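Visitor: Listed here are the chains, written in short residue letters.
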Amino acid sequence: MSAATKAIEAGHIWTFPGGIHPPERKELSNQTSIAPLPLAKDYYLPLKQHSGAPGELLVQVGDQVKAGQALTQIGANNGLPVHAPTSGTITAIGPGIIAHPSGLADTVITITADGNDEHIALEPLADYTQISRADLLERIKDAGIAGLGGAGFPTAQKLALQRPLDYLIINGVECEPYISADDRLMREHAQTIIDGTEILLHIAGCKKALIAIEANKPEAIAAFEGLLDKHPQLALRVVPVKYPSGGEKQLIQLLTGRQVPSRGLPIDVGLVMQNVGTAFAVAQAVLQGKPLIERVVTVTGENVEKPGNYWVRLGTPVAYLLEQCGFKPEPDQRVIMGGPMMGFTLADLSVPVVKITNCILVPSSQELAPAQDEMACIRCGACADVCPAQLLPQQLQWLAKAKDYDGLDQQNLFDCIECGACAYVCPSEIPLVHYYRKAKAEVRNIAREKAKAEVARERFEARQERLEREKQERLERHRKAAEARKKAQAEAVAQGGDNPQDAVQAAIARAKARKAAQAAAAQQQNKEGDDA
Amino acid sequence: MTFKIAASPHAHQRRTTQQVMRWVYLALIPGVLVQTYFFGFGVYVQLALALLTAWVAEGLAMRLRGRPVAHAWQDHTAIVTAVLLAISIPALAPWWIIVMGTAFAIIVVKHVYGGVGQNLFNPAMAGYVLLLISFPVQMTSWPIPNELAQLQVSISDTVSLIFSGFTQAGYNLEQLRMGADGITMATPLDSLRNDLNHQLTLGEALSKPIFDDFAGIGWAWVNIAFLLGGLVLIKQKIISWHIPGGMLVGLLVPAAIYWLFNPDQAITPMLHALSGATMLGAFFIATDPVTAATSNKGRWVFGLLVGFLVFVIRTWGGYPDAVAFAVLLANMTVPVIDKYTQPIAYGHGGRS
Ligand code: SF4
Ligand code: SF4
Numbered sequence: 001m002s003a004a005t006k007a008i009e010a011g012h013i014w015t016f017p018g019g020i021h022p023p024e025r026k027e028l029s030n031q032t033s034i035a036p037l038p039l040a041k042d043y044y045l046p047l048k049q050h051s052g053a054p055g056e057l058l059v060q061v062g063d064q065v066k067a068g069q070a071l072t073q074i075g076a077n078n079g080l081p082v083h084a085p086t087s088g089t090i091t092a093i094g095p096g097i098i099a100h101p102s103g104l105a106d107t108v109i110t111i112t113a114d115g116n117d118e119h120i121a122l123e124p125l126a127d128y129t130q131i132s133r134a135d136l137l138e139r140i141k142d143a144g145i146a147g148l149g150g151a152g153f154p155t156a157q158k159l160a161l162q163r164p165l166d167y168l169i170i171n172g173v174e175c176e177p178y179i180s181a182d183d184r185l186m187r188e189h190a191q192t193i194i195d196g197t198e199i200l201l202h203i204a205g206c207k208k209a210l211i212a213i214e215a216n217k218p219e220a221i222a223a224f225e226g227l228l229d230k231h232p233q234l235a236l237r238v239v240p241v242k243y244p245s246g247g248e249k250q251l252i253q254l255l256t257g258r259q260v261p262s263r264g265l266p267i268d269v270g271l272v273m274q275n276v277g278t279a280f281a282v283a284q285a286v287l288q289g290k291p292l293i294e295r296v297v298t299v300t301g302e303n304v305e306k307p308g309n310y311w312v313r314l315g316t317p318v319a320y321l322l323e324q325c326g327f328k329p330e331p332d333q334r335v336i337m338g339g340p341m342m343g344f345t346l347a348d349l350s351v352p353v354v355k356i357t358n359c360i361l362v363p364s365s366q367e368l369a370p371a372q373d374e375m376a377c378i379r380c381g382a383c384a385d386v387c388p389a390q391l392l393p394q395q396l397q398w399l400a401k402a403k404d405y406d407g408l409d410q411q412n413l414f415d416c417i418e419c420g421a422c423a424y425v426c427p428s429e430i431p432l433v434h435y436y437r438k439a440k441a442e443v444r445n446i447a448r449e450k451a452k453a454e455v456a457r458e459r460f461e462a463r464q465e466r467l468e469r470e471k472q473e474r475l476e477r478h479r480k481a482a483e484a485r486k487k488a489q490a491e492a493v494a495q496g497g498d499n500p501q502d503a504v505q506a507a508i509a510r511a512k513a514r515k516a517a518q519a520a521a522a523q524q525q526n527k528e529g530d531d532a
Numbered sequence: 001m002t003f004k005i006a007a008s009p010h011a012h013q014r015r016t017t018q019q020v021m022r023w024v025y026l027a028l029i030p031g032v033l034v035q036t037y038f039f040g041f042g043v044y045v046q047l048a049l050a051l052l053t054a055w056v057a058e059g060l061a062m063r064l065r066g067r068p069v070a071h072a073w074q075d076h077t078a079i080v081t082a083v084l085l086a087i088s089i090p091a092l093a094p095w096w097i098i099v100m101g102t103a104f105a106i107i108v109v110k111h112v113y114g115g116v117g118q119n120l121f122n123p124a125m126a127g128y129v130l131l132l133i134s135f136p137v138q139m140t141s142w143p144i145p146n147e148l149a150q151l152q153v154s155i156s157d158t159v160s161l162i163f164s165g166f167t168q169a170g171y172n173l174e175q176l177r178m179g180a181d182g183i184t185m186a187t188p189l190d191s192l193r194n195d196l197n198h199q200l201t202l203g204e205a206l207s208k209p210i211f212d213d214f215a216g217i218g219w220a221w222v223n224i225a226f227l228l229g230g231l232v233l234i235k236q237k238i239i240s241w242h243i244p245g246g247m248l249v250g251l252l253v254p255a256a257i258y259w260l261f262n263p264d265q266a267i268t269p270m271l272h273a274l275s276g277a278t279m280l281g282a283f284f285i286a287t288d289p290v291t292a293a294t295s296n297k298g299r300w301v302f303g304l305l306v307g308f309l310v311f312v313i314r315t316w317g318g319y320p321d322a323v324a325f326a327v328l329l330a331n332m333t334v335p336v337i338d339k340y341t342q343p344i345a346y347g348h349g350g351r352s
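Listed in order, the protein sequences are those of chains E and G. Residue 42 in the UniProt record's numbering sits at position 42 of the first sequence, with consecutive numbering throughout. Residue 95 in the UniProt record's numbering sits at position 95 of the second sequence, with consecutive numbering throughout.
Some hints could be false.
[What the hints assert, rightly or not] To give an idea of the interface, some chain G residues facing chain E are shown, with a C-beta separation under 8 Å as derived from the structure:
no. : residue
1   : Lys-4
2   : Ala-7
3   : Gln-13
4   : Gly-59
5   : His-76
6   : Gln-138
7   : Thr-140
8   : Glu-204
9   : Gly-245
10  : Tyr-319
[Unchecked claim] Derived SDA-like pairs: lysine to any residue, alpha-carbon spacing no greater than 25 Å straight-line:
no. : chain 1 : residue 1 : chain 2 : residue 2
11  : G       : Lys-4     : E       : Glu-473
12  : G       : Lys-339   : E       : Lys-26
13  : E       : Lys-438   : E       : Ala-347
14  : E       : Lys-486   : E       : Arg-466
15  : E       : Lys-401   : G       : Arg-15
16  : E       : Lys-440   : G       : Ile-344
17  : E       : Lys-26    : E       : Ser-262
18  : G       : Lys-297   : E       : Asp-106
19  : G       : Lys-339   : E       : Asp-415
[Unchecked claim] To be clear about the criterion: a stretch of chain G counts as covered by chain E if any three or more of its residues have a C-beta under 8 Å from a C-beta of chain E, and this derived list gives those stretches:
no. : segment
20  : 94-108
21  : 157-167
22  : 260-272
Keep in mind the hints are simulated off the structure, nothing from the lab. Please read these numbers as outputs of a predicted model, since none were measured by experiment. For each residue, glycine too, the CB sits at the ideal point set by N, CA and C.
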């Protein structure tokens, strides 16, 4: 065992550069148990709630569905299915606003609940070790499980990558301020999370899992400590409180001292990471056959009367969720999906809760003051001090504003994880992350345009080449034909036939004479006209 | 009902540029008080003149550039420039010195280069150097520390000296600067340098009354006060320790070595540390974020360079104090330092 591995085994916690300590404000929502939310009237289910392609539709308007029934099937490219969150009727399928920073529209299935909340029959699995890895992966896919931590990457797809793994990391860090969904889940369902972790280990074919929890969650830590004796394959790791310790790359650095190579994946350094919520969902899917139709959502901020954590069916409109929690909007209210550091604001509350929705935050303007006017950068370097990716955010900002894409590349723009630590500390209140996102989008656009132009150019060149080739062939054919004709003629003349060349000459002479006569006549006419 | 759209992050640590700047000039207060104690009220007059000039110059420059004037006044950066310049020049220097220096610093060094954040040189130090080169006599005529002065200068005398060159009783600055022995008093560094150049030993040079304190009357305490203010800034995370630390190491280590080999002919490390503009330079001037290196490693290198340059200029150069020159020279190297100290980004093969 290498020294580094020994250190990992011994529970050494490394550190990562930068990071910040924003006010945690978790106590606002983590005091009460996760409560169920009463059924809503309408549910809106976007077909695409994960990264990758959507699944294909299985239902049409007018269909009756039951909770847990698949509405789409596994699609191409790991497209995951979505399931009916409750029983009711499909009343619409069409474009609707989805929960996305851009406020884009996408295909959404509307289910009007019948209030009976009938479920489909579940198929529990007695012993998952008896079925093949492929079947287990299929079960996870069928249940529609995508990473519940944020990016929504299809879980089965991550697990399907076959490469030797040293550790499975279960991420229970939850370092974003305000959010306590994972915290409560860990406190209340530690055993299920452990079961899910065992299943994930089994599928990944990996020996050991590290469960990471941030030190500010003593109850969650205690819940696991009490259970882990019976699970020698699992080890608990408590990481110090610092944002963004829960970022995938940062957590890997904390627990193993390794760095995921730029543009690489954790699996490149022998690791795979899953969120605690995902482990919970996997346990439910594999052991009980339950598809992913609900998740824990933190509702918090000073402008709700009942902040807390709720079991929310996917597809529940944010408006309904907030209404149930006693939402009192103020003028210029911000409604943030996600946390204060990385979440995005919603313009319209008809957007539904989806697989990646971990928090709805409705702050008052006192607790999270709206952004001030951007001032000039004073090059204080505070941003560079806190950047966990070791970038130079102020440099990136200058380059982004100057649209210097080569410079941005040299400064590793694409290694920015958009954690927002730099913008958090910037005294000039420069919305740094906003500039990076824009620049990234522009670079991607340029790459896309370039790829398109490249294809067009290749097509054009291929065409030119073909035309040229055809022309050459044609000329060659003509030349050959002419030669053959000449040869034939020469042979004919030699054999005493008419020389067609003479006939041509004669014809030309005739034409010339005719033209000359016409010209003379015209001149004559002009003259007469002038005289008259 | 539609809701407000904003870019993440939605949380912000409420420390604005204005607050940062405010901390800087608040941390200068102990130094200013000590300066006043030893060198008289002239400091306040200079401060008032500098602030007024900075305010007008900033407004004028912004107006000429067609930018919102209020914006520039709000960020308090001009205040810092004005204060630094005012406390760097001799307390009884004629009024036009500070006015000219401040105006030059703000209009040329700051705004011609594009305003806050764009200037390559530290405005206060560029202003200082301009003045030092153009008016060496006025710029090196520090008043005698009150303890040694034959004549005490009242507030009205101070004002009168700065504006007309004479006290109400008709003394000019040169007369006031005469010591008991009838020789014009120099600053400790000045006097030391002259004496060493005239082949006196260090011991002889240090026997002058101006060295009655451990590192020169007044100057040592002024330096200690700036050191205190600087530590507050580090504590408050307004500046990082890398630049001041680097500068002190870069100055004191070579100074100590040189002194060990040359005990009779070299300035002691203690004198280096506590005289002239050492502490002011280390904590308040070299740390100007706009013109210093950006990464911590870069800041450390930048600090070392400034310190080393101070040592070289003080030891072999033509000016007794060297902080302003050292900072400006180091400013020029910042792009190179930044280039070679760029941290290795995550995932690019660095080690954690
Ligand atoms: S924190 Fe803001 S003001 Fe300071 S260097 Fe970074 S971008 Fe510039
Ligand atoms: S948002 Fe990007 S540049 Fe800013 S601190 Fe995070 S990783 Fe660094």
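Visitor: Are there three or more residues in the segment 260-272 of chain G whose C-beta lies closer than 8 Å to some C-beta of chain E?
Guide: Result for this restraint: violated, n = 0.
Visitor: Taken at face value, is the distance from the CA of Arg-15 of chain G to the CA of Lys-401 of chain E at most 25 Å?
Guide: holds (24 Å)
Visitor: Holds or violated: Gln-138 of chain G as interface residue toward chain E, Cβ cutoff 8 Å?
Guide: violated (32 Å)
Visitor: Hint check: Lys-4 of chain G vs Glu-473 of chain E, CA-CA at most 25 Å. Holds or violated?
Guide: violated (67 Å)
Visitor: Let's test the interface hint: is any C-beta of chain E closer than 8 Å to that of Lys-4 of chain G?
Guide: Holds. Min distance 5 Å.
Visitor: Could you check if Gly-59 of chain G really has its C-beta closer than 8 Å to a C-beta on chain E?
Guide: It is violated, given that the least Cβ distance between Gly-59 of chain G and chain E is near 16 Å, above 8 Å.
Visitor: Given the hinted pair Lys-26 of chain E and Ser-262 of chain E, is their alpha-carbon gap at most 25 Å?
Guide: violated (32 Å)
Visitor: Would the pair Lys-339 of chain G and Lys-26 of chain E pass a check requiring their Cα atoms to be no farther apart than 25 Å?
Guide: It is violated: about 41 Å lies between the C-alpha atoms, which goes past 25 Å.
Visitor: Are there at least three residues in the segment 94-108 of chain G whose beta carbon sits under 8 Å from a beta carbon of chain E?
Guide: Violated, because only 0 residues of the segment 94-108 of chain G bring their Cβ atoms closer than 8 Å to Cβ atoms of chain E.
Visitor: Would the hint linking Lys-486 of chain E and Arg-466 of chain E be met if the CA-CA limit is 25 Å?
Guide: violated (30 Å)
Visitor: Does the segment 157-167 of chain G contain three or more residues whose Cβ lies closer than 8 Å to a Cβ of chain E?
Guide: Since 0 is below three, the answer is violated.
Visitor: Would the hint on Glu-204 of chain G be counted as holding, given a Cβ-Cβ threshold of 8 Å to chain E?
Guide: violated (46 Å)
Hints 4, 5, 6, 7, 8, 9, 10, 11, 12, 14, 17, 18, 20, 21, 22, counting from the list given before, are not met by this structure.
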